[in-house]
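In the order they appear, the protein sequences are chains A and B. Sequential numbering from 88 applies to the first sequence in the working numbering. Sequential numbering from 4 applies to the second sequence in the working numbering.
No lab work stands behind these hints: they were computed from the structure. Here a beta-carbon is modelled for each residue, glycine too, at the ideal position from N, C-alpha and C. Heads up, none of these hints are tricks.
Residues of chain B placed beyond 12 Å of chain A at every Cβ, according to the derived structure:
| no. | residue |
| --- | --- |
| 1 | G58 |
| 2 | R61 |
| 3 | F66 |
| 4 | Y71 |
| 5 | N73 |
| 6 | H114 |
| 7 | S119 |
| 8 | R167 |
| 9 | R170 |
| 10 | V178 |
| 11 | S226 |
| 12 | Q232 |
| 13 | S233 |
| 14 | Q248 |
| 15 | A278 |
Okay, the calculated bits of chain B under chain A, using three or more residues with CB under 8 Å as the criterion:
| no. | stretch |
| --- | --- |
| 16 | 123-129 |
| 17 | 135-148 |
| 18 | 198-212 |
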Amino acid sequence: MSGLSEPSAVGAEEPPASGLPDPTAPLTATGSLRRRAAVSRALEVTATGSALLAVAVFCIVIYTVVSRGAGAISFSFLTTDPTGIGTGGIAPAIVGSAVIVAIATAIAMPLGVLIALYLIEFAGRRSGRVVRMALDLTNGLPTVVVAIMVYGLIVVGSGDSAIAASIALAIVMLPLIARSSHQVLLLVPGTLREASDALGVSRWRGVLGVVLPSALGGIVTATILAAARAAGETVPILLLSSLVTSNDVQINPLHAVSAMPLTIYTDFNDGVPAAVTQAWGTALVLMAIILAANIGARMFLARNRSRLGL
Amino acid sequence: MTAGESGVSLGAETVNRRVRIQTAVTPAPAPTPDRQAPVHRQTVFDARDVSVHYGAKRALAPFQMKIYRNLITALIGPSGCGKTTFLRSINRMNDSVPGFKLEGQILYHGHDIYGSGVNRVEVRRRIGMVFQKPNPFPKSIYNNIAWAPRNLGMKDDLDDRVERALRDAALWDEVKDRLHDPALGLSGGQQQRLCIARAIAVEPDVLLLDEPASALDPISTLSIEELMQSLKPRYTIVIVTHNMQQAARVADRTAFFSLDENRVGTLIEYDETEAMFIRPADPRTRDYVTGRFG
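Put together the whole structure using the sequences plus the hints.
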């Protein structure tokens, strides 16, 4: 628009009557474009700031836990039994967490993969939608609700046990594994199914021999991520496996076993400085295990993907 | 693909020359003036009044066609003319397509492929297929070949079977030292020959090839075409191709499909390849093979 004065300088021609900008004007922002550029810039700055905030929050959490917990960490802290409030090690909690999560994974992984296979290979349009919605709603259930449900069904009458906590955690893991496995199976090219069909091999052998192996990396990753999530869940363990009767390492899943989230919770609640330090130390161990599992799972998936050429 | 498209513009002389060359190498049965089917050939497929619908839409108008043993039969025609639909109907790969419905009969050695009691897994066991885009399994080269025989109970001498399949597919010399490397590391042309090896490892009777060279470069295309000639004595081969030079080079008989005025796929003409390219009976065939449309 500001270029309207230009044509007279160039020649005696009339400015274009259509209101289009003069094509010979300099290519700088004019009029509302200036304002739009400013708005765009403001939005970019805000969005970038928010993204940086996400990174900052993560770093602050890591820094806090490491700076307060590192002092508690030693070889004996990881390998010995507790000797009293805030003293001794956390070996029973580490082993107990491993037992609980291992059993939960053993329950949730096969079921989750079978559900995903059902969704991919056998579900009709409507039944598939019902199952997917049920999984999403289960995923949204508060863990305390899952825990009291398991409490009402299993613990009442038989007492606290690691296996009760495992069942609750399996319910937490199931939708995560099933939905992620479903997503991974969707990525398996239909041409592979066609190839196995065209060889005269039955459907289920094609699924077991071609489809599942192609998706295995993604399924394993989904399982590790779900297990890492379950390892940090506190409420189910608090409700279902907290009446620990001994300070030793316990591995019998029919009895209550200690677990890291439980140790963090009870130590922190004690308020004694030594116990609080032990809580931070346990938090650091738990966080390190979960981060390592997450990073390891993602690296495994990336390697697996490139191997399959996906 | 590009090779094929550019070849079209070369016109009929090129086609004729190539037909002569091909005839000199492997003498095709002499074209009979009355255009009758060669009597000495055994019929493998007999399509009787076959028509196909996808839901309410008709994809193929009723047609008759006989496909003969140990010949290469090419299905050519413009996009959407139903040639791939027919090919995939032969081994029931269309069964999983929603709304697919076939009327009439496709007889395979006298048995209706869509008859009651026919198991489509068994149909595909005998009628193998190779697809447009190479689709090796994400497994080793060896296991790509060995997987199906293992699942079908052909477990004896699996190593021999793998070697034979790879030799037959003219791939053995290129991969014999890396049988346990991932198949996806092979080039496109090698992958497609691997897919052919995989298909013949289960000893089918028929090979269906759905534009097997359209995703490949001219050199790989040539090797696939040579491979088809070497497989001809043992297999009945049906190939869909967009590339009519390819049909002229490799096929003994050629069927030309096109779209009728209602855009329904129709079989226009089916004859000895030489006759199709030199003296087509139907003006639509002539227009297509001389590159006037399509």
